[in-house]
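Asker: Listed below are the residues making up each chain.
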Amino acid sequence: DAGITQSPRYKITETGRQVTLMCHQTWSHSYMFWYRQDLGHGLRLIYYSAAADITDKGEVPDGYVVSRSKTENFPLTLESATRSQTSVYFCASSELDRGEQFFGPGTRLTVL
Amino acid sequence: GENVEQHPSTLSVQEGDSAVIKCTYSDSASNYFPWYKQELGKRPQLIIDIRSNVGEKKDQRIAVTLNKTAKHFSLHITETQPEDSAVYFCAAFTGGGNKLTFGTGTQLKVEL
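One line per chain: the protein sequences are A and B, in this order. One gets the numbering used here by counting positions in the first sequence from 1 and adding 220 to each. One gets the numbering used here by counting positions in the second sequence from 1 and adding 3 to each.
Read the hints as simulated data drawn from the structure, not as lab findings. Don't take each hint at face value.
Calculated cross-link-like contacts (lysine to any residue; reagent style SDA-like; alpha-carbon spacing at most 25 Å) [claimed, not checked]:
(1) A/K231 to B/Q48
(2) B/K112 to A/D282
(3) B/K40 to A/G223
(4) B/K45 to A/E292
(5) B/K45 to A/S248
(6) B/K40 to A/K290
(7) B/K112 to A/P325
(8) A/K231 to B/G44
(9) B/K112 to A/G260
(10) B/K40 to A/D258
(11) B/K112 to A/R328
(12) A/K277 to B/E8
(13) B/K71 to B/E8
(14) B/K45 to A/S289
(15) B/K71 to A/K290
(16) A/K277 to B/T107
(17) A/K290 to B/T107
(18) A/K231 to B/V90
(19) B/K60 to A/R318
(20) B/K40 to A/E315
(21) A/K290 to B/G99
(22) B/K74 to A/I232
(23) B/K61 to A/E320
(24) B/K45 to A/D273
(25) B/K40 to A/T225
(26) A/K277 to B/N34
(27) B/K40 to A/S227
(28) A/K231 to B/K45
(29) B/K45 to A/V280
(30) B/K71 to A/S248
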């Protein structure tokens, strides 16, 4: 589990501010994912990436931007944070054609 | 796309009893079904999984069964212990985008 890390672990910000959540993995997994977890909704996919410079939308992409210039990093940016984006965000990674996903420790984001 | 339904949303059992959580999926192309356990404030962790060419898999006190015809799979926990208390998520994998589709989770409480 130490192979995938997230930072910061906790973040409080204000409405309208830009926030970037970082994700780093050391396994050289091809795929990386961003989820948000809210009570009653389980894990919802925001964006995912199949490789460096290849990203695609998930179930709830609005208000988020991602990039993947290097295989090991997959930052998630909230360009103008809203209160509805208050959530716990999990990054995950997996190998190609392997279903197992390994999760980072999560970032608890509060938007005031 | 794939849709995964999970029941029940909450489950309370006495220590030593068995617990069963059920999931159904919609896409017959799904071929991998993992189960994740998430303790309070922690990341989801893979506890057991099953592939479509297998009907049942056991690992000590936990087991998973798969019925491809009916498109449902279940998690069975025997001799439950207080440390089994957590939220359990099922998921289904079809391969497209290497994505998992998650159920909405079951809060299991094991009472002394």
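Asker: Does the alpha-carbon distance linking A/K277 and B/N34 stay inside the 25 Å limit?
Answerer: It holds: about 22 Å lies between the C-alpha atoms, which stays within 25 Å.
Asker: For the pair supplied as a hint, A/K231 and B/K45, confirm whether the alpha-carbon distance does not exceed 25 Å.
Answerer: The hint holds at about 16 Å.
Asker: For the pair we were handed, B/K40 and A/T225, check the Cα-Cα distance against 25 Å.
Answerer: holds (19 Å)
Asker: Hey, B/K74 versus A/I232, does the alpha-carbon distance stay inside 25 Å?
Answerer: violated (42 Å)
Asker: Holds or violated: A/K231 with B/V90, Cα cutoff 25 Å?
Answerer: holds (24 Å)
Asker: Take the C-alpha atoms of B/K61 and A/E320, compute the straight-line distance between them, and say whether it is at most 25 Å.
Answerer: holds (17 Å)
Asker: Between B/K40 and A/G223, is the straight-line Cα distance small enough, at 25 Å or below?
Answerer: The given pair, whose Cα atoms are some 19 Å apart, holds under the 25 Å limit.
Asker: Next pair to validate is B/K45 with A/V280; report whether the Cα-Cα distance is within 25 Å.
Answerer: Cα-Cα ~22 Å, so holds.
Asker: Starting from A/K277, check that the Cα of B/T107 is at most 25 Å away, please.
Answerer: This hinted pair holds, its Cα atoms lying about 20 Å apart.
Asker: Given the hinted pair B/K40 and A/E315, is their alpha-carbon gap at most 25 Å?
Answerer: holds (20 Å)
Asker: CA of B/K45 to CA of A/D273, is that 25 Å or under?
Answerer: violated (30 Å)
Asker: Hey, B/K45 versus A/E292, does the alpha-carbon distance stay inside 25 Å?
Answerer: Since the Cα atoms of B/K45 and A/E292 sit roughly 22 Å apart, the hinted pair holds (cutoff 25 Å).
Going through the hint list in order, the structure does not satisfy hints 2, 6, 14, 15, 17, 22, 24, 30.
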